[in-house]
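*Asks:* Next come the chains, spelled out residue by residue.
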Amino acid sequence: MFASNIARRACRTNRPFRHCRFNHNQPTPNQNQESSRATHFGFQTVPEEQKESLVKNVFDSVASSYDLMNDAMSLGIHRLWKDELVSLLKPGARGPQKCIDVAGGTGDIALRILDHARERYADRETAVDVVDINGEMLREGFKRFKKTMYHNTPQIAFQEANAQALPTERFPDNTYDLYTIAFGIRNCTSIPDVLKEAHRVLKPGGTFACLEFSRVNNPLLSTVYDQYSFSIIPLLGTILAGDRASYQYLVESIRNFPPQPEFAQMIVDAGFTTGGMFEGKGGAWRDLTFGVAAIHTGVKV
Amino acid sequence: MSRPQLLQLAIPLVQTYGFTRAALSHSVFRLPKPHSEQLSDSAVTALFGEGNDARKTLIDAWLEDARQHMRASPSPTIKAILTQRLKQNEPVLQFLPEAFALLASPTNGLPPLDPLPALKHAGSVADEACHIVGEHNIGLAWYSRRATLGAVYAAAELHQLNSPSTVYDFLESLLDSSGKVESALQDAGTFAGYIGRSWAGIIKSRGPF
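First to last, the sequence lines map onto chains A and B.
Residue numbers for the first sequence follow full-length UniProt numbering, beginning at 1 and rising by one.
Residue numbers for the second sequence follow full-length UniProt numbering, beginning at 1 and rising by one.
Since the hints were derived computationally from the structure, they do not count as laboratory data.
Just so it is clear, the structure is predicted and the values come from calculations on it, not from any experiment.
Among the hints, erroneous ones may be present.
[Said to hold, decoys possible] The calculated label-pair distances, taken between Cβ atoms and stated as ranges, are: (1) A/PHE230 <-> B/ASP60: 38 to 48 Å; (2) B/SER144 <-> A/GLY280: 31 to 41 Å; (3) B/PRO164 <-> A/ARG170: 51 to 61 Å; (4) A/ARG255 <-> B/LEU113: 43 to 53 Å; (5) B/GLN8 <-> A/ARG120: 25 to 35 Å.
[What the hints assert, rightly or not] Straight line, CA to CA, 25 Å or less: simulated SDA-like cross-link-like pairs of lysine to any residue: (6) B/LYS120 <-> A/LYS203; (7) A/LYS203 <-> B/ASP41; (8) A/LYS98 <-> B/PHE29; (9) A/LYS90 <-> B/ALA22; (10) A/LYS82 <-> B/THR107; (11) A/LYS90 <-> A/GLU52; (12) A/LYS196 <-> B/LEU31; (13) A/LYS90 <-> B/GLU50; (14) A/LYS90 <-> B/TYR17; (15) A/LYS196 <-> A/ARG120; (16) A/LYS98 <-> B/HIS35; (17) A/LYS281 <-> B/GLU50; (18) A/LYS90 <-> B/GLU37; (19) A/LYS90 <-> B/SER36; (20) A/LYS281 <-> B/SER124; (21) A/LYS281 <-> B/PRO111; (22) A/LYS98 <-> B/GLY51; (23) B/LYS120 <-> A/GLY283; (24) B/LYS33 <-> A/ASN174; (25) B/LYS33 <-> A/ASP173; (26) A/LYS98 <-> B/LYS33; (27) A/LYS90 <-> B/ASN108; (28) A/LYS281 <-> B/ALA99; (29) A/LYS281 <-> B/LYS120; (30) A/LYS281 <-> B/ALA104; (31) B/LYS120 <-> A/GLY280; (32) A/LYS90 <-> B/THR20; (33) A/LYS90 <-> B/LEU7; (34) A/LYS98 <-> B/GLU50; (35) A/LYS82 <-> A/PRO258; (36) A/LYS203 <-> B/HIS26; (37) A/LYS203 <-> B/MET1; (38) B/LYS33 <-> A/PHE278; (39) A/LYS281 <-> B/LEU110; (40) A/LYS90 <-> B/HIS35.
Note that the Cβ used here is the ideal one computed from N, Cα and C, for glycine as well.
Please model the complete structure; the sequences and the hints are all you need to start from.
*Replies:* Right, here's the structure in full:
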């Protein structure tokens, strides 16, 4: 049922029907070369080219109720996680910073960065570029920022772009002091490409920070967490947003994301310098709520 | 460029900036391709830890580096090696009391003071000294030797913090007296063994009572 829902939604795009057979005597077109590179979409395996459009469809349908669903799913804790990320980074502490928030459509992190700089350090020059591949999510973010004092100021800009291939005219090399990506990197097809682009656009001395769902290492808590994820969250998706399949995808994509040490190694492989390969103070990552979420940091040296 | 390499670059800066986050953020000026500005606060936090944790990382790295330099002593005797280690303290003497206080202060309120880092520091200096000299001790002697040397070194370092000029004579007198204390303790141990065995013999010969 899940696969057919996704397939139905995927067919909304204007792709020619070249893979359909109108007559059973016709040979099936050769599908092998297209599905030679497969990736995961939740627990499904799909060709790489399709993942982007499938993820786009998921976020198109959840965009309008995204914040409500986050509150319901994490019982409001996602706000604490995002607060923890921004207070760890302390934007604006040593002067105005140019920040880029990727996959930050609804503007949660961008707003927190600007508020932190303004309230703690009286800094009104720090600027954030919000980048997202999904126009609907950016529209939601733009609407939210209209209610704040940053609308129509140079402090905020919205740009639709792919995190794996940021356009070089708009995002030149060595531009940003701070790169954040919160709850977005697991939806990208190729994580190493995202990390490479992050390394490219950061200045030397710039910080990379990624907030993402991660592995709970405690076996008892992880059982409870699994039960909660696979039973309650899709149910909430049905009730609150009328869309079970998208929230099923979200839960499955969390399970497929690499565990904390592996992701930290991927960050090092992309050219960043991180803390030691352990959790906690001075480490490459820190767990939040026993590992349900984790903040990975790195510096471009 | 990795984190340990950045720490190595920050160590010589301790003389100028002390054991502070400033020393860590200025380390990028000593890279082969130096940066144009110092590391931001969030970068130092990401690499070394928040607040005082970054300073503790730097202090630990500096102590490790000083232990490495113990090998460069002119002669392989305990006295020369410990003198060499005390010499490492001289450029940063004014920052050391605060550094040790920081190591002893707790991260979360309780316990009020943490004695373990000081004991670990004295113990590791003593261990390194014994290793360089090539002493072979077995059993309890391994622990007692390191305990004595650790205590001697700790006393000498405390003396150095107050009166740096007389420390080398003080170290010499401590090592002499500790040698005497060790042999006195050993004699007392042997004597106590004799007494114990005699009593055991007397009790056995009294028969069942």
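*Asks:* Hint by hint, where does the structure go against what was stated? Just the numbers, ascending.
*Replies:* When the structure is compared with the hints, numbers 6, 11, 15 and 38 turn out to be violated.
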